Amino acid sequence: MQSWIPLVPESASTFSWQVDALYFYLSGVTLFFTLLISGVLIFFVIRYRRRTPYEIPRPIAGSHKLETLWTVIPFVIAMTMFGWGARIYFNLYKPPANAIEVYVVGKQWMWKLQHATGQREINELHVPVGRKIKLIMTTEDVIHDFFVPAFRTKADVIPGRYTTLWFEATKTGRYHLFCAEYCGMNHSGMTGSVIVMEPREFDDWLSGNTGGTTPAVAGQQLYQTLGCASCHGANGEGGRGPRLAGAFGKISPLESGQSARVDEAYIRESILNPQAKLVAGFGPIMPTFQGQVSEDQLVQLIAYIKSLQASGQPAQAASPAQAASPATAPSPTRNLR
Amino acid sequence: MRPIESFEVPAPPRVNYINAQYGLKSWLLTKDHKRIALLYLGSITFFFFIGGLYALMIRLELLTPQGDLLQSTTYNKVFTQHGIIMIFFFLIPSIPATLGNFLIPMMIGAKDLAFPRINLLSWYIYLLGGVITIYALLAGGVDTGWTFYTPFSTTFSNSYVVATGLGIFINGFSSILTGLNFIVTIHTMRAPGMTWFRMPLFLWSHYATSLIMILGTPVVAITILLLAFERVARVGIFDPALGGDPVLFQHLFWFYSHPAVYIMVLPSMGVISELIANFSRKNIFGYSFVAFSSLAIAVFGFLVWGHHLFVTSQSVYAGMIFSFLSFAVAIPSAIKVFNWTATLYRSSISYDTPMLYALGFIGLFTVGGMTGLFLASLATDVHLSDTYFVVAHFHYIMVGGALMGYLGGLHYWWPKIAGRMYPEGWGRFSALIIFVGFNLTFLPQFIAGYLGMPRRYHAYPPEFQVFNVLSTAGASILGFGMLIPAIYFVWSMRYGKHAESNPWHLPGLEWRTQSPPPTENFEVTPIVTWEAYEFAPREETEVVGKFRPELERI
Ligand code: HEM
Ligand SMILES: [Cu+2]
Ligand SMILES: [Cu+2]
Chain A
134 MQSWIPLVPE SASTFSWQVD ALYFYLSGVT LFFTLLISGV LIFFVIRYRR
184 RTPYEIPRPI AGSHKLETLW TVIPFVIAMT MFGWGARIYF NLYKPPANAI
234 EVYVVGKQWM WKLQHATGQR EINELHVPVG RKIKLIMTTE DVIHDFFVPA
284 FRTKADVIPG RYTTLWFEAT KTGRYHLFCA EYCGMNHSGM TGSVIVMEPR
334 EFDDWLSGNT GGTTPAVAGQ QLYQTLGCAS CHGANGEGGR GPRLAGAFGK
384 ISPLESGQSA RVDEAYIRES ILNPQAKLVA GFGPIMPTFQ GQVSEDQLVQ
434 LIAYIKSLQA SGQPAQAASP AQAASPATAP SPTRNLR
Chain B
1039 MRPIESFEVP APPRVNYINA QYGLKSWLLT KDHKRIALLY LGSITFFFFI
1089 GGLYALMIRL ELLTPQGDLL QSTTYNKVFT QHGIIMIFFF LIPSIPATLG
1139 NFLIPMMIGA KDLAFPRINL LSWYIYLLGG VITIYALLAG GVDTGWTFYT
1189 PFSTTFSNSY VVATGLGIFI NGFSSILTGL NFIVTIHTMR APGMTWFRMP
1239 LFLWSHYATS LIMILGTPVV AITILLLAFE RVARVGIFDP ALGGDPVLFQ
1289 HLFWFYSHPA VYIMVLPSMG VISELIANFS RKNIFGYSFV AFSSLAIAVF
1339 GFLVWGHHLF VTSQSVYAGM IFSFLSFAVA IPSAIKVFNW TATLYRSSIS
1389 YDTPMLYALG FIGLFTVGGM TGLFLASLAT DVHLSDTYFV VAHFHYIMVG
1439 GALMGYLGGL HYWWPKIAGR MYPEGWGRFS ALIIFVGFNL TFLPQFIAGY
1489 LGMPRRYHAY PPEFQVFNVL STAGASILGF GMLIPAIYFV WSMRYGKHAE
1539 SNPWHLPGLE WRTQSPPPTE NFEVTPIVTW EAYEFAPREE TEVVGKFRPE
1589 LERI
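Protein chains in written order, with this note's numbering: chain A, 134 to 470; chain B, 1039 to 1592.
Hints are supplied without guarantee of correctness; some may be wrong.
Okay, the calculated bits of chain B under chain A, using three or more residues with CB under 8 Å as the criterion [to be verified]:
#1 1405-1412
#2 1491-1501
Residues from chain A that keep clear of chain B, each with C-beta distances beyond 10 Å, as calculated [unchecked claim]:
#3 Pro142
#4 Thr147
#5 Arg184
#6 Pro282
#7 Gly371
#8 Gly372
#9 Leu387
Hints listed in this document are in silico derivations from the structure and should not be mistaken for laboratory results. In this text, all values refer to a predicted model and were calculated from it rather than measured experimentally. Virtual Cβ for every residue (Gly too), placed ideally from N, Cα, C.
Bound conformation, chain A alone (with noise of 0.2 Å):
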């Protein structure tokens, strides 16, 4: 899979011109120091050949404006380059708000993606073009990485966390998905594909791979099942425990005094590990569900509390079409690039 320009990977994301320009810099300025220094090199090495056994050149002891010369001028050239890399490298890390979410589970040796419309995924992911796409990713395993070399981009997926990787496709296709961090047996086989679609072609594929229930509304179910309607309330409203909904994205206060945005990380560590950051004026009478709930169930009750709504709706996402609406409406604002 390659572009026109022969010797890099094909282009298919906002990020990979950008990626290539620097790698282009990066190799034109190694071309020219390479070239320079062998040059060189070869020069000396033949005007300065031994021509008889016993010559004895003069001694010279240095320079010190070369010295500062040749310190200077790489240090200089090494900052443009830390500095162009660091600018992409800010927003290939920061996932803007609007994104559409997937959420991602690794395991040795597959990809399991869960939309937030519920089609389920397995070693393939599609996506339509011109969408942000934020993946939420966590592993029941050992770390892998998630590694779309057309869009130059990839992120370790690590176990006890959630971490993120956002892109936005520019060209419809198929490209390789790879495993790029070693997991052991079948790490070579952990590849699959990102399908880009047209937006409308995307809509098609959605509704025609219905079926599955959206995460939000399985962590529904998973709520009620698992009790923590009894502490937290039916809809989230809260009781013993403290009120849920409305909470994700908001400041939590906590008992040490200290305070903890309630993001994925958080919810899941308060699951299964609730002692570990007790919110303000409640007693540690959370069990802990620690051995009782996957990783695929974790990410459904996160989806479920995300959804849920200040009003105590737990609704917004338990329809389809309705959560389904942030993927076939337009992003509101352009990520800055």
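Based on these hints, arrange chain B with the ligands on the given structure of chain A.
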């Protein structure tokens, strides 16, 4: 100003460190740093051979895109064991334990290292670590990658992780003892007149290496211990299922292993300084800049480990700091390259084999270093990390840099070590073959990497095949090139021409004693009255460019 003398030693040579005593016992219980260097030479060559066989298996497997030659579990063990053997049992000890051991006392005019018994002990420790590791490989092998990332290594791998870890752990003490010995020796045992700034740069770079060895190795030892503890006792340190943090392992691991790459390449830089100066009969341009850049690398090398974690959910701000520091640490290496090149200006360059290796080193190390900038730069690293680009980069540094320096140094000091000359024609020929084979092996991997081929893949998409075929072809040439010196070094020990005490006509202290040297190195302790790399004209010479004792500044 003293002329460079050349003691013509009639063959067979007088009593020297090799023939001073006979019998296996005299070798196994020796306290002579030169004999210990030879013990190391033999053992690291053995490990290099095993590591090379693994490399061969990797390259054969990758000839075709389907994983058809080895099973994936076997392949995973093969590349893991290749990495472990090459890094811990070949490259880290290579130059310091052989050339360093042999030459540090000779270059400062001492009779031995400060602690000869500890020196011998370090070899036994190395051997013990090696035997345990070989046991682990024979018992079933290890498949974690040489990086031992958790929680794969602590919880999921079914291979001999603890045994291998124990081997590496024990081996680490040999490094620490060697480093300690070198530091004390360089501080306390310099001959009268051998001031710090009269020391050959080989010593400066070994001093810097020793600092890293004693400061860094304990960290990796502790890390391995923690890993084994979690694996055996199931105490949560790294595995999140037990309440640990898997990324913590990576921080600890790279805190040692980034500086460790400098353990591998700094000694080689020291060798290159010697070769460049001595084979161009010129003092090193900017001696103090080259000397201090070694120390700068040793110190700043400890501050950049985070560049191995740019895609590991590290905060973007931490990423930026580590990126900045990584660019900064590249500068001292660049300074060295410029100074070596400038040394050649208006010099008198010979084309002997060691010099060919030195010139090859500069070219390959430049490529290795410049491609390091692609990985220090955040955005390109996100795309390149864990691809073949990284594999190519570190081989340019470790093979193109460290191994070339080692081979160059071995040829250069071989007359002193063995008392025999190696065959010059074969030497030049194989240096050329190795250079060509090396580039053919690893240049295509840069391209495959940018195209997205991940590393540690046993099977790969067919569009990458062309690069892998080139690479395997290059590896065959490289392997062939390596066999030639292996053969002629052994041959020359018996049949090589007897070496004079100073076959290259050089001023260094190691050349002012017979070849091979006597057990006590020098019959009388030398008094040093000359600067490093001070080439005085010989009486019978025809001097090109009038010799002026005071140095010229340009
Ligand atoms: C001084 C000599 C060498 C050293 C120190 C060295 C070191 C290493 C290290 C540390 C790795 C990474 C292992 C891992 O991914 O866990 C590696 C991988 C590799 N080496 Fe070497 N190596 C040396 C020579 C060679 C040679 C001569 C060849 C080819 C003939 C070679 C071929 C490879 C290949 C293909 C890989 C990639 C395996 C993979 O990631 O799938 N190496 N080497
Ligand atoms: Cu993997
Ligand atoms: Cu590093």
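Open item on the list: Name the hints, by number, that the structure is in violation of.
Closed with: 3, 5 and 6
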